[in-house]
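Asks: Residues per chain, in single letters:
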Amino acid sequence: NAGVMQNPRHLVRRRGQEARLRCSPMKGHSHVYWYRQLPEEGLKFMVYLQKENIIDESGMPKERFSAEFPKEGPSILRIQQVVRGDSAAYFCASSPGQVLNEQFFGPGTRLTVL
Amino acid sequence: KQEVTQIPAALSVPEGENLVLNCSFTDSAIYNLQWFRQDPGKGLTSLLLIQSSQREQTSGRLNASLDKSSGRSTLYIAASQPGDSATYLCAVRRLNNNDMRFGAGTRLTVKP
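Sequences listed follow chains A and B, in order. With the numbering used here applied, the first sequence covers 520 to 633. With the numbering used here applied, the second sequence covers 415 to 526.
Simulated from the structure, these hints should not be mistaken for laboratory data. Be aware that a few hints might be false.
[As the list claims (entries may be wrong)] The calculated lysine to aspartate or glutamate pairs, modelled on DMTMM-like cross-linking and capped at a C-alpha distance of 20 Å, are:
(1) A:K563 to A:E576
(2) B:K482 to A:E621
(3) A:K590 to A:D575
(4) A:K590 to A:E571
(5) B:K456 to A:E559
(6) B:K482 to B:E417
(7) A:K590 to A:E537
(8) B:K525 to B:E429
(9) B:K415 to B:D453
(10) A:K563 to B:D481
(11) A:K581 to A:D605
(12) A:K570 to A:E559
(13) B:K415 to A:E560
(14) B:K456 to A:D575
(15) B:K482 to B:E470
(16) B:K456 to A:D605
(17) A:K563 to A:E587
(18) A:K563 to A:E591
(19) A:K546 to A:E587
(20) A:K563 to B:E429
(21) A:K563 to A:D575
(22) B:K415 to A:E582
(23) A:K563 to A:D605
(24) B:K415 to A:E576
(25) B:K415 to B:D498
(26) B:K456 to B:D498
(27) B:K482 to B:E429
(28) A:K563 to B:E417
(29) B:K525 to B:D453
(30) A:K570 to A:E591
These figures come from a predicted structure and were not determined experimentally.
Whole structure, please, built from the sequences with the hints as guidance.
Replies: Right, dumping it as C-alpha cells:
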C-alpha cells in the first residue's frame, strides 16, 4: 500500500506564475489536508477536503490560493500569481473516513519562487 | 486558541546520552498528541501518537508522555545515536477540530 504521494517534489516558479501542487492520498483514504511549512517554522494548517467538498479552509490565505479534491484524481493546491513569500514546503496528509483518524503525511513539495 | 511550543529550539548532545524534548500546549481540550521526526528536506515520519486518555507511549528507544491537565508532553530518547539527528515536531489534534497544530520543532544533533 503506497503512502501519500506528492508531486512535484520540487517546483520553481517566477513571480507572477501559477503553481500547482498535487497530492494522491493513501489508498482508501477520502480525507485530505494541506499544510504549509515556512523556513524555520512548524507546519500550519491550510485546508481540509473530502471528495468534491471543501470542509475547512480556515487556514487558507484569502487571495490567490485554492484547493480541490475531485471525484477522480489527486487533490490540487493551486497558487496563482506567486510571490516570494509563497516559497515554502507544502505538505499533504490523508486519513480514512472518520475525522479524528490519524493523518499520514506525504514527502512534501518544496516551492521556490524566484 | 491553541498554541504549541517546543523547547529547546536546538539541542546538541554526545552520542550515548539520554535526552528529553519538551512540548507544551495552551488548550488541554485535545484529542491526541503526536511526535514526528523530520529530516532536512524530507517529509514527516510519525514516531508516537498518544491519545488524550493515555499517559505515555513507547517505541524502542523512544518514550513519549502526556500530561493533559498541565498541557505538557515530553519525548525521551534513550542512548542517543548520530542517526537520531533530525528535527522533532510535536503536534496536537484538538477536539472538534479538523487540523493539527504544530510546534516549531527541536533540532537535535547527536555527535559521534
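Asks: Now tell me if each hint is right for this structure.
Replies: Going down the list of hints, with the structure as the test:
{"no.": "1", "hint": "A:K563 to A:E576", "in the structure": "12 Å, holds"}
{"no.": "2", "hint": "B:K482 to A:E621", "in the structure": "19 Å, holds"}
{"no.": "3", "hint": "A:K590 to A:D575", "in the structure": "18 Å, holds"}
{"no.": "4", "hint": "A:K590 to A:E571", "in the structure": "6 Å, holds"}
{"no.": "5", "hint": "B:K456 to A:E559", "in the structure": "14 Å, holds"}
{"no.": "6", "hint": "B:K482 to B:E417", "in the structure": "14 Å, holds"}
{"no.": "7", "hint": "A:K590 to A:E537", "in the structure": "23 Å, violated"}
{"no.": "8", "hint": "B:K525 to B:E429", "in the structure": "5 Å, holds"}
{"no.": "9", "hint": "B:K415 to B:D453", "in the structure": "29 Å, violated"}
{"no.": "10", "hint": "A:K563 to B:D481", "in the structure": "24 Å, violated"}
{"no.": "11", "hint": "A:K581 to A:D605", "in the structure": "13 Å, holds"}
{"no.": "12", "hint": "A:K570 to A:E559", "in the structure": "32 Å, violated"}
{"no.": "13", "hint": "B:K415 to A:E560", "in the structure": "18 Å, holds"}
{"no.": "14", "hint": "B:K456 to A:D575", "in the structure": "26 Å, violated"}
{"no.": "15", "hint": "B:K482 to B:E470", "in the structure": "11 Å, holds"}
{"no.": "16", "hint": "B:K456 to A:D605", "in the structure": "18 Å, holds"}
{"no.": "17", "hint": "A:K563 to A:E587", "in the structure": "18 Å, holds"}
{"no.": "18", "hint": "A:K563 to A:E591", "in the structure": "27 Å, violated"}
{"no.": "19", "hint": "A:K546 to A:E587", "in the structure": "18 Å, holds"}
{"no.": "20", "hint": "A:K563 to B:E429", "in the structure": "32 Å, violated"}
{"no.": "21", "hint": "A:K563 to A:D575", "in the structure": "13 Å, holds"}
{"no.": "22", "hint": "B:K415 to A:E582", "in the structure": "23 Å, violated"}
{"no.": "23", "hint": "A:K563 to A:D605", "in the structure": "13 Å, holds"}
{"no.": "24", "hint": "B:K415 to A:E576", "in the structure": "17 Å, holds"}
{"no.": "25", "hint": "B:K415 to B:D498", "in the structure": "32 Å, violated"}
{"no.": "26", "hint": "B:K456 to B:D498", "in the structure": "14 Å, holds"}
{"no.": "27", "hint": "B:K482 to B:E429", "in the structure": "31 Å, violated"}
{"no.": "28", "hint": "A:K563 to B:E417", "in the structure": "11 Å, holds"}
{"no.": "29", "hint": "B:K525 to B:D453", "in the structure": "16 Å, holds"}
{"no.": "30", "hint": "A:K570 to A:E591", "in the structure": "9 Å, holds"}
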